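So the chains spell out like this:
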Amino acid sequence: MITDLSGASDASLAMAVARWQEDALAEIYRRHAGAVFGLAKHLLYDKVLAEEVTQEVFVRLWREPERFDPARGALRTFLLSVTHGRAIDLLRSEASRRAREERARAVAEAGYDLEQEVFELATAERVRGAVAKLPEAERKAIELAYFGGHSYREVAAIQNEPEGTIKSRIRSGLRRMERELSVAVQGTERGGDRGIER
Amino acid sequence: MTHEEISELLGAYALDATGPDERDQVEAHLAECPRCRAEVASHLEMAALLGSAGAEAPPGLWEKIAASLGTVPASDDGGPQPPRLTGPASVVPLRSDRPPLGGRRCLAAWATVVVAAAAVVAFLGVEVAQLHSQVTTLRAQMASAGLKEAELAANAAPHRTISLALADHQPAATVIVQPTGGAFWEWSSLANLPASKTYQLWGLVSGRAVSLALVGARPDQVDYFTVQPGTTQLMVTAEPEGGTTGPTTPVVASGVVPAGALS
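Note that the protein sequences, when read in sequence, are chains A and B.
Counting from 1, one number per residue, gives the positions in the first sequence under the working numbering.
Counting from 1, one number per residue, gives the positions in the second sequence under the working numbering.
None of these hints come from the bench; they were simulated from the model.
Check before you lean on any hint, since a few could be wrong.
Stated by the list, open to error - Derived SDA-like pairs (lysine to any residue); straight-line CA-CA distance at most 25 Å: (1) Lys64/B with Met15/A; (2) Lys64/B with Leu5/A; (3) Lys64/B with Lys133/A; (4) Lys64/B with Ser6/A; (5) Lys140/A with Ala71/A; (6) Lys133/A with Ala38/B; (7) Lys140/A with Ala55/B; (8) Lys133/A with Gln159/A; (9) Lys133/A with Glu8/B; (10) Lys133/A with Glu161/A; (11) Lys47/A with Lys197/B; (12) Lys64/B with Gly85/A; (13) Lys47/A with Ala38/B; (14) Lys64/B with Gln159/A; (15) Lys140/A with Leu69/B; (16) Lys64/B with Lys140/A; (17) Lys140/A with Glu5/B; (18) Lys133/A with Ser42/B; (19) Lys197/B with Thr245/B; (20) Lys140/A with Ser7/B; (21) Lys64/B with Glu64/A; (22) Lys64/B with Asp10/A; (23) Lys47/A with Ala67/B; (24) Lys64/B with Arg176/A; (25) Lys64/B with Arg67/A; (26) Lys64/B with Gln21/A; (27) Lys47/A with Gln228/B; (28) Lys140/A with Pro58/B; (29) Lys140/A with Gly19/B; (30) Lys47/A with Thr245/B; (31) Lys64/B with Glu27/A; (32) Lys47/A with Ala165/B; (33) Lys197/B with Thr180/B; (34) Lys64/B with Trp20/A; (35) Lys140/A with Pro20/B; (36) Lys133/A with Ala156/A.
Model, not experiment: these values are computed from the prediction.
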């Protein structure tokens, strides 16, 4: 049993959750609930639904901890991936049609700005820098898909572009972002920083 | 779809921007392609960076979550539940003093079995799920059947359900395991064997097969047995009546025991 929860790694906390250690789940919640709730609320534009998604994400981790594989990525990445998938399911469901229409109207008034969507944690500056370097077409495709909850086919229709082009833009945009962040981390590490943390 | 066609979808897949059919095809491909798995992992990491817009979780939300940890609804997908107990106990634990039947032939067979099991596990995505509502149903059925040992197992929380699957992805059996190692064979869809044969359940411990139980020729019954700590997989083979000390035939069903399932 882990006793020093605050000093434990995410992976060891997840292992403790697999052993039904509830305070380990509480520590994971303390570390990541803000990001999970923030993403859900951002996608759903609905505080109550975002709370439900957040609750579902953490309860699911409790019930199915084996779904998280530390070899495949960080716990935060896993939690946010689950959050995004669940929120998108809700967005696309028939029941949320009205909310989506309202949301679309709000978005149309406010517009997207991926650079402004990025969080203000320690990595924000580097992520923002990487996003800023994306070609406009790639950035827009990622915005519409990830934050807009649109399928790539919908993005293609919105932008009046071939579907294959949108698929390629999303993929190449994500790859470009990774390269940019990798360079940024290497540069920072040379300067003695610890690099990107999540 | 070809590898190249799947590859083009990986970015959209990571952003949940594919259709359901495409998602299924991508996931089937990912199970076999480490290069694409690595690319998706990278895309998901980028998506998580984009999605880490910090916010304060609402006050009281953790208390709601904590309160709900002990109660689990029925299966999320609304799918059919597996069949439950249908008969009296008949699983016979294999005695440890059984004379050895094997030798090099068994070791060679076991090496084949391990490879086959690894392939089964890798390709099937064996589902391992925590047991909650199923136990409630099972407990009631066991009480009526008078299966005291299994009932005792079901009454002591928590449990895990280990799902064993066939090579064609079909569910083959489920085994309920407590952290202490107490376990019982819950249900099975395995075909009946001739009376001269029996299904035998094995645990993989440090690369070695350990016999857990003889399940019988009609594997639709239940009894209590023990899974020792360090067991990483459960496997079923069809063996001669009376069982063997090591698997002599290919694995017919297999499932992973998740880390942390056994204390």
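Evaluation of the provided hints:
1. Using a Cα cut-off of 25 Å, the hinted pair Lys64/B and Met15/A holds, with the two alpha carbons roughly 23 Å apart.
2. For a cut-off of 25 Å, the pair hint linking Lys64/B to Leu5/A stands: about 21 Å separates their Cα positions.
3. In summary, the hint linking Lys64/B to Lys133/A is not supported, as the alpha carbons are separated by about 42 Å, beyond the 25 Å threshold.
4. Annotation: proposed proximity of Lys64/B to Ser6/A holds, straight-line Cα distance about 22 Å (limit 25 Å).
5. The hinted pair formed by Lys140/A and Ala71/A fails the criterion: a straight-line CA distance of about 31 Å is larger than 25 Å.
6. For the hint pairing Lys133/A with Ala38/B, the CA-to-CA distance comes to about 24 Å; that is within 25 Å, so the pair holds.
7. Between Lys140/A and Ala55/B the CA atoms are separated by roughly 24 Å; this keeps the pair inside 25 Å, and the hint holds.
8. Between Lys133/A and Gln159/A the alpha-carbon distance is near 21 Å, which keeps this suggested pair within the 25 Å criterion.
9. Restraint check: the Cα-Cα separation between Lys133/A and Glu8/B comes to about 22 Å, which is no more than 25 Å; the hinted pair holds.
10. The straight-line distance between the Cα atoms of Lys133/A and Glu161/A is roughly 22 Å, inside the 25 Å bound, and the hint therefore holds.
11. In summary, the hint linking Lys47/A to Lys197/B is not supported, as the alpha carbons are separated by about 59 Å, beyond the 25 Å threshold.
12. Restraint check: the Cα-Cα separation between Lys64/B and Gly85/A comes to about 22 Å, which is no more than 25 Å; the hinted pair holds.
13. Restraint check: the Cα-Cα separation between Lys47/A and Ala38/B comes to about 34 Å, which exceeds 25 Å; the hinted pair is violated.
14. Distance restraint check for Lys64/B and Gln159/A: the Cα-Cα separation of roughly 42 Å exceeds the 25 Å cut-off, and the hinted pair is therefore not satisfied.
15. Only pairs whose Cα atoms come within 25 Å are accepted, and Lys140/A paired with Leu69/B is rejected, the gap being roughly 40 Å.
16. Restraint check for Lys64/B and Lys140/A: not satisfied, since their Cα atoms lie roughly 37 Å apart, outside the 25 Å limit.
17. Between Lys140/A and Glu5/B the CA atoms are separated by roughly 22 Å; this keeps the pair inside 25 Å, and the hint holds.
18. Simply put, Lys133/A and Ser42/B have alpha-carbon atoms about 18 Å apart, close enough for the 25 Å limit, and the pair holds.
19. For a cut-off of 25 Å, the pair hint linking Lys197/B to Thr245/B stands: about 15 Å separates their Cα positions.
20. In summary, the hint linking Lys140/A to Ser7/B is supported, as the alpha carbons are separated by about 21 Å, within the 25 Å threshold.
21. Distance hint between Lys64/B and Glu64/A is fulfilled; the C-alpha atoms sit about 18 Å from each other, no more than 25 Å.
22. Between Lys64/B and Asp10/A the alpha-carbon distance is near 22 Å, which keeps this suggested pair within the 25 Å criterion.
23. Restraint check: the Cα-Cα separation between Lys47/A and Ala67/B comes to about 20 Å, which is no more than 25 Å; the hinted pair holds.
24. Restraint check: the Cα-Cα separation between Lys64/B and Arg176/A comes to about 40 Å, which exceeds 25 Å; the hinted pair is violated.
25. Our distance criterion of 25 Å between C-alpha atoms is met by Lys64/B and Arg67/A, whose separation comes to about 22 Å.
26. Of the pairs offered as hints, the one joining Lys64/B and Gln21/A holds, with about 17 Å between alpha carbons and a cut-off of 25 Å not exceeded.
27. Straight-line distance between C-alpha atoms of Lys47/A and Gln228/B comes to about 46 Å, which puts the hinted pair past the 25 Å bound.
28. Taking the CA atoms of Lys140/A and Pro58/B, the gap is near 31 Å; set against the 25 Å cutoff, the hint is violated.
29. Pair hint Lys140/A plus Gly19/B holds up; C-alpha atoms about 20 Å apart against a cutoff of 25 Å.
30. Restraint check: the Cα-Cα separation between Lys47/A and Thr245/B comes to about 59 Å, which exceeds 25 Å; the hinted pair is violated.
31. With a C-alpha separation of about 15 Å, the suggested pair Lys64/B and Glu27/A falls inside the 25 Å cut-off, and the hint holds.
32. Proposed proximity of Lys47/A and Ala165/B is contradicted: the alpha carbons are some 40 Å apart, above 25 Å.
33. Simply put, Lys197/B and Thr180/B have alpha-carbon atoms about 30 Å apart, too far for the 25 Å limit, and the pair is violated.
34. Simply put, Lys64/B and Trp20/A have alpha-carbon atoms about 17 Å apart, close enough for the 25 Å limit, and the pair holds.
35. Using a Cα cut-off of 25 Å, the hinted pair Lys140/A and Pro20/B holds, with the two alpha carbons roughly 23 Å apart.
36. Distance hint between Lys133/A and Ala156/A is fulfilled; the C-alpha atoms sit about 22 Å from each other, no more than 25 Å.
Violated hints, in rising order: 3, 5, 11, 13, 14, 15, 16, 24, 27, 28, 30, 32, 33; the structure is consistent with all others.
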